[in-house]
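A.B. asks: So you can see what is in the structure, the chains are spelled out below.
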Amino acid sequence: MDFEFPILGYHEQCQRLPVRFPAQHQPLQPGLETEMYPKPVFDNPNYVGTGKLNNKVAIITGGDSGIGRAVSVLFAKEGADIVIVYYNEHEDAQITKSYVEAQGRRCLLLPGDLTEESFCQEIISQTIQCFGKLDILVNNAAVQFWQDGLENITALQLYLTFQVNVFPLFFVTKAALPYLRQGSCIINTTSVVAYEGFEYLIDYSSTKGAIMAFTRSMARSLVPKGIRVNGVAPGPIWTPLQVASLPEQNIPIFGTESLMKRAGQPVELAPAYLYLASDDSTYVTGQILHVNGGLVMSS
Amino acid sequence: MNIQLPPILGYQEQCEQLPLQFPSQHQSMQPGFETLMEPKPIFDNPAYIGTGKLKGKIALVTGGDSGIGRAVCVAFAKEGADISIVYYNEHEDANNTKRYIEAMGCKCLLISGDLRNEAFCCQAVEMTLSSFGRLDVLVNNAGVQFPQYSLTDITTAQLETTFQVNLFSMFHTTKAALPFLKSGNSIINTTSVSAYNGSELAIDYSASKGAIVSYTRALARSLVSSGIRVNGVAPGAVWTPLQPASWPADIVPTLGTEAPMRRSGQPFELAPTYVYLASDDSSYVTGQILHVDGGLSMQS
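Protein chains in written order, with my numbering: chain A, 1 to 299; chain B, 1001 to 1300.
Simulated from the structure, these hints should not be mistaken for lab results.
Warning: the hint list may mix true and false statements.
Interface residues of chain B toward chain A, partial, derived using beta-carbon atoms under 10 Å [what the hints assert, rightly or not]:
{"no.": "1", "residue": "Y1048"}
{"no.": "2", "residue": "I1154"}
{"no.": "3", "residue": "Q1158"}
{"no.": "4", "residue": "T1161"}
{"no.": "5", "residue": "T1257"}
{"no.": "6", "residue": "P1260"}
{"no.": "7", "residue": "R1262"}
{"no.": "8", "residue": "G1287"}
In silico negatives: residues of chain A with every beta carbon more than 12 Å from chain B [stated by the list, open to error]:
{"no.": "9", "residue": "C14"}
{"no.": "10", "residue": "T50"}
{"no.": "11", "residue": "Y87"}
{"no.": "12", "residue": "P111"}
{"no.": "13", "residue": "T115"}
{"no.": "14", "residue": "Q126"}
{"no.": "15", "residue": "K174"}
{"no.": "16", "residue": "I237"}
{"no.": "17", "residue": "P247"}
{"no.": "18", "residue": "P252"}
{"no.": "19", "residue": "I253"}
{"no.": "20", "residue": "V267"}
{"no.": "21", "residue": "T285"}
The beta-carbon is built from N, C-alpha and C at its ideal position, and this holds for glycine as well.
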């Protein structure tokens, strides 16, 4: 290199970061909401539903906990019956089910492995069998495996991340298509890291970019049928996924990098999904909503 | 050019049937009048039920007399807000909106004047405060658009007017409002799809809307420590008085058909987006633009 960039010295710059969470780590994915402390806030008791999703049927993958749980509860408040697809977190799923049922709505729990296409198809057939129809599909389930550098991402991890985060969107949506009609909608959860990139989650952020483009392409593909396709890109949110993937020492200051200097709570995500699921957004398709405390402003 | 391109062998004709949505029409003055439009824009969704999301709040909406602004005022009122409408001189439109809001049991203050004038912007905020005692939601929505075929047709006077109305008024109004805004309050700016896609027939307008995008982001950073959220909405082609008042009559019938949804939006389809950004539903959202454009741009 022809140029030199001499350093004259150093200027120390410090920041006081608010600590909101005790250090904690869960060894397995998906994580368990029951074992988190403090518990994520997933319900706004002051929220009054007005039947925005009255008698609609919504499938929410990863609906047992985290953002998916908050979405399930809010959709139920707005009058929807809920199908929750989850892996094996039975206790989390039962808690969410009880909240949905407390709203007077039905809740079908479907535990299984989204990496299997046959299970993805079964989700749709079971939903139709139970409720007779499908109106809203929320593709939300995901895994993320923290690694320091590309060299530490094994082929196995890479494939698994895409098998859970991306391919089921193709499988489930494909199986759902024959049942979706004019006015139905699809909502995919992407992430702020699709926009920012993230050096410790290279494979995860790639899957989230794929979901973004999938959302746009499907929006174009389904617009003649009157089916809207949109996404939500959460920033750092206090969910089981975080404690199950981040190093323990990163948890106390989790989310403080956002402009609001705090992590979001699942309850703060749910209205964005409701907006996209309801007739409040009839002229909206192919869009991503950013709920990230101001972390990224690229919309 | 040194590269030899393959010669054109012939042409293939490609035709498209564009749906006609509106009779051809033009209004000769800006801002346009909703009363003169045919068909009338749909600004209220009767199925939309308020639940007090903005109960006890005061909202100031510039350009609230008609178009998107009117639909926003109506939805805000349904959610329990009292409204201060700032408009230019469309008294009939403004009074119609006021009556509609008052019929819902909310208060509505009409403030008529020229947003190009900083003193008037301050006055609008002062009148709102003296009438309601507070201000919680500021919607900077008023805009003008003067289509021209080329940059050379955009006079300096037009350029200045466009920026004065669309952008500088936001600085003036927000500046005047700032001392009275508190944590939990919200500012919403109306930008446009043309900030993202560009518009060869509205170069100055789209530039002013691009400025609003960056203004929104910068102000979001500036006010986050005060707990005030700043966001924007980027409408696509929406059936508002601005359209017949700015586009030639023959463009109006197919307005918005270039969107994947192949239609214009109606003002009522924009209102819930503003409610979302104004209310606690979006407590973790700042510096963002929401796109309500029938899929016209997908770059969020």
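A.B. asks: All hints, please: hold or fail.
C.D. replies: Do the hints match the structure? See the list:
For B:Y1048, the interface hint holds, since its Cβ comes within 10 Å of a Cβ in chain A; the closest pair sits about 8 Å apart. Hint status for B:I1154: violated, given a least beta-carbon distance of 28 Å to chain A, over 10 Å. With its C-beta approaching chain A no nearer than about 29 Å, B:Q1158 sits outside the 10 Å limit, and its interface hint is violated. Using the Cβ-Cβ criterion of 10 Å, the hint placing B:T1161 at the interface with chain A is not satisfied: the shortest such distance is roughly 28 Å.
With a least beta-carbon distance of about 13 Å to chain A, the hint placing B:T1257 at the interface is violated under the 10 Å criterion. Residue-level restraint check for B:P1260 holds (minimum Cβ-Cβ distance to chain A is 4 Å; threshold 10 Å). Hint status for B:R1262: holds, given a least beta-carbon distance of 8 Å to chain A, under 10 Å. Hint on B:G1287 holds. Least Cβ distance to chain A is approximately 4 Å, under the 10 Å limit.
At roughly 18 Å from the closest C-beta of chain B, the C-beta of A:C14 stays outside 12 Å, upholding its exclusion from the interface. Residue placement check: A:T50 does not keep its beta carbon more than 12 Å from all beta carbons of chain B (closest about 4 Å). With a minimum CB-CB distance of about 26 Å to chain B, A:Y87 clears the 12 Å threshold, and the non-interface call stands. Residue-level check passed: A:P111 sits 30 Å from the nearest beta carbon of chain B, beyond 12 Å.
At roughly 28 Å, the least C-beta separation between A:T115 and chain B is larger than 12 Å, which holds for a residue marked as non-interface. Non-interface status of A:Q126 relative to chain B is upheld: no Cβ of that chain comes within 12 Å, the nearest being about 31 Å off. With a least beta-carbon separation of about 21 Å from chain B, A:K174 lies farther than 12 Å from that chain, consistent with its non-interface assignment. Interface exclusion of A:I237 from chain B breaks down, the closest Cβ pair being 8 Å apart, not more than 12 Å.
With a minimum CB-CB distance of about 24 Å to chain B, A:P247 clears the 12 Å threshold, and the non-interface call stands. Its beta-carbon lying about 19 Å from the closest one in chain B, A:P252 satisfies the requirement of being farther than 12 Å from that chain. For A:I253, the non-interface assignment is confirmed: its Cβ lies about 17 Å from the closest Cβ of chain B, beyond the 12 Å cut-off. With a least CB separation of 9 Å from chain B, A:V267 falls inside the 12 Å interface cut-off, contrary to its annotation.
With 12 Å as the threshold on Cβ separation, the claim that A:T285 sits away from chain B is violated: the shortest Cβ distance comes to roughly 4 Å.
Checked against the numbered hints given earlier, this structure breaks hints 2, 3, 4, 5, 10, 16, 20, 21; the rest are met.
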